[in-house]
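A.B. asks: Each chain, written out:
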Amino acid sequence: MNKKNELPAARVIVAREPDEETIEKIRHFVKARGGSDIQLVIDQNIIGGIVIYIGDIVYDGSIRSRLEKIKRSI
Amino acid sequence: MGMRFVAGQFLANPFEALGLEWQSIVLHLVSLVILTVGLYLLLFKPVKRMVRERQQKIKKIEQENADLNAEVKKMKESTQVVLSDAKKEAAVIHENAVCVANQKADDIVSEARRQAKSLVERTEKELEEERNGLQENITKQISEVSVTVAQKILRRDITAADDKKLIEESLERWSKE
Amino acid sequence: MIDVSAIGKKIVETINKIDENEKERSCGQIIYSGDGIIRIAGLRDVRYNELLEVRGGYHALALNLEEDCVGAVVFSGEDKISYGDLVYSTGKTVQMKVGEELLGRIVNPLGDPMDGLAPLQTQKTRPVEYPAPSIMERGKVNKPLQTGILAIDSMIPIGRGQRELIIGDRQTGKTAIAVDTILNQKGENVICIYVSIGQKASSLAKIITTLRNAGAMAYTCVVCSTADDAVPLQYLAPYSGCALAEYFMYQGKDVLIVYDDLSKHAVAYRTMSLLLKRPAGREAYPGDVFYLHSRLLERSAKLSEQSGGGSITALPIVETLAGDISAYIPTNVISITDGQIYLENELFNSGVRPAVNVGLSVSRVGGSAQRPAIRQISGQLRVNLAQYRELAIFMQFGSDLDSETQKSLSRGAKMTDTLKQRQYLNYSVQDMVILLIISQSDLVDKIPEKKMTAFCEGLLDYIHVNQADLSASIDPDQKVSDSLRQTILKVAEDYINCSMGDDAEACSAAGAGSAVGAV
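Chains as they are written, first to last, in our numbering: chain P, 1 to 74; chain H, 1 to 177; chain B, 1 to 519.
No lab work stands behind these hints: they were computed from the structure. You may find that some hints are simply not true.
As the list claims (entries may be wrong) - Below 27 Å or equal to it, Euclidean Cα-Cα: the simulated DSSO-like pairs (lysine-lysine) are:
1) Lys165/H x Lys17/B
2) Lys124/B x Lys69/P
3) Lys87/H x Lys451/B
4) Lys71/P x Lys17/B
5) Lys186/B x Lys253/B
6) Lys140/B x Lys253/B
7) Lys164/H x Lys71/P
8) Lys45/H x Lys57/H
9) Lys186/B x Lys420/B
10) Lys92/B x Lys71/P
11) Lys125/H x Lys9/B
12) Lys104/H x Lys490/B
13) Lys164/H x Lys25/P
14) Lys9/B x Lys71/P
15) Lys165/H x Lys69/P
16) Lys69/P x Lys9/B
Remember, it's a predicted structure, so these values are computed and weren't measured experimentally.
So that you can see chain P by itself, here it is in the shape it has in the complex (with noise of 0.2 Å):
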């Protein structure tokens, strides 16, 4: 996928533009797991929380992923 030696780019993904504040945290958070700078994507499907792609690895916060985990364990 990536080259070796490259960082890969991390995607994340929220519902509403977050503050300075927040985005920092992102970053920081992202830095942490390898993942050289952040792509923002404003996505309203996903309703709230937030999703971010690192690589293969996903982090899944938002509400939609809630809402589809309670609905199919029902």
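Once you've looked at the hints, dock chains H and B against the given chain P.
C.D. replies: Showing chains H and B alone in chain P's frame:
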């Protein structure tokens, strides 16, 4: 007297009186003897033998008849024995057959009963399941509706502050792991 | 009738129980989907045979790990998966639900019930793919598995822990033998698992009805994948069934598993392989089709006493085309199994049912497990039958035969008739001893040829009802003593005298005259 004379003459030489000579008489006698002996040998003996044989044959047939009669009698008796035996045997066979048939009938009946019972049990179970299924269906409907409603409300009501809190919570939790 | 408030309560409870927090997960994106196959970009740490989760709750199995993508087959929801969907790895292999609860149930290869009854409560699972018992864990096959079919138990005995292939054309009674064997395990303390692979749903329903009516479902589990199930499910079915069997085997129990049938399994695997673009070999099967079946059948074993002494007896079924046992899959499976029961179309059509070809059928390990009584009296049976068949073919064109030949022909025909058996009419070991002794004695000369089958059935009924002590006195684990043999012959003679009557005399008078016609 004359008569007497004749008679005396006659007695004295009867052959002559008859005009025969004694030689011819002798010859006749001889031939008679020969004839008798010949006839006896050639005819009488075989006839006698034949008669004897016939008699024997008849005797034998009579004997056989008697034997046969005895046998028939005996057979009549034994037939009766066999008949009664056969009757007894038939009764036994019949009994066996009835036993087997009864057993089979019992088996079939009990098998049918068992099947009927299991069918009823199964149907009851299926009924129960059907109800559960229905319930499940309702649950699904309810949950779908509620999730959709929640989605709509959340989309409208969530504030930037809520969102921020949510994001930071998530980041914190992931950092801890 | 339906308690709505209870439903609401249940929903609230479930929602409260859910841990809504998502953890970090490895994921990839679908870049191709078609024919039940998906290709996924990403998922770099996925492992072979790992269970994948597709967004929406569908599952897939990773089978091809390539440089830039992963090839996987989906179990369901083929039509709902679309390009770009996320696929998560789960870190697990495919698991089959196991437990005593599955007995009497019909489940799919993932352990979900298919019989419309309550969902399974069991928490226990076993991986579908599991290594076979090691050499040291195994023991010697020493206990017989009675099929209740005279022809098989006398000449092709099967032992617990053996793998005996049932092979033949379609409509020759392969499944019938397997079902009869399952029915005969009633009260034998053997758990049965019937795995249907790509079968018609109608024939499967018929089998299940049979099992249910005979009360055999109490100890049987049916793992089903019908012809319209997704190919990966058909591929998984035998492994799932085997996982369930292993669960019982490692508890020290005896298990009988029927794979019906492995040729359809091979076809399902071929479909998957071709769609995954794996190289095709002979008959378009992939290169590892031998391993496909060998790793499955190796899991059937008899465990040693130290390991619990359980066993899995496997009866794989393979369908041939026009009696060709030298095709690819039949030869493969023949070489893996410990023997085969070969069923022949010609025999089936000429009324010999079960249509077992005695010459081509063998059992490589079952002989040592055969009951001593049966072994003692069936020793000559196979040779006698073979001689009869040879003689019968040779004499087909002969017009005038000497009385000796006629006699042996008639005896052979009667022996063949004795081995005929109606479906679902299983013989107990005692019955078998009686029939084998009589069919090899001089008594058969008294029975008219056409009445042999009726005689056998009638005699057994007669003995069961009127001479119950006799069959009770036969101990199958002991050799048959001479006095016992005499008693059996005496009883049989009585029965011949009272049942056959005039026919018997007519038969001995006419001698083997009718034998020629029958051949």
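A.B. asks: Next step is simple, just say for each hint if it's right about the structure.
C.D. replies: Evaluation of the provided hints:
no.	hint	verdict
1	Lys165/H x Lys17/B	23 Å, holds
2	Lys124/B x Lys69/P	23 Å, holds
3	Lys87/H x Lys451/B	25 Å, holds
4	Lys71/P x Lys17/B	13 Å, holds
5	Lys186/B x Lys253/B	15 Å, holds
6	Lys140/B x Lys253/B	15 Å, holds
7	Lys164/H x Lys71/P	25 Å, holds
8	Lys45/H x Lys57/H	18 Å, holds
9	Lys186/B x Lys420/B	22 Å, holds
10	Lys92/B x Lys71/P	23 Å, holds
11	Lys125/H x Lys9/B	25 Å, holds
12	Lys104/H x Lys490/B	24 Å, holds
13	Lys164/H x Lys25/P	11 Å, holds
14	Lys9/B x Lys71/P	16 Å, holds
15	Lys165/H x Lys69/P	21 Å, holds
16	Lys69/P x Lys9/B	19 Å, holds
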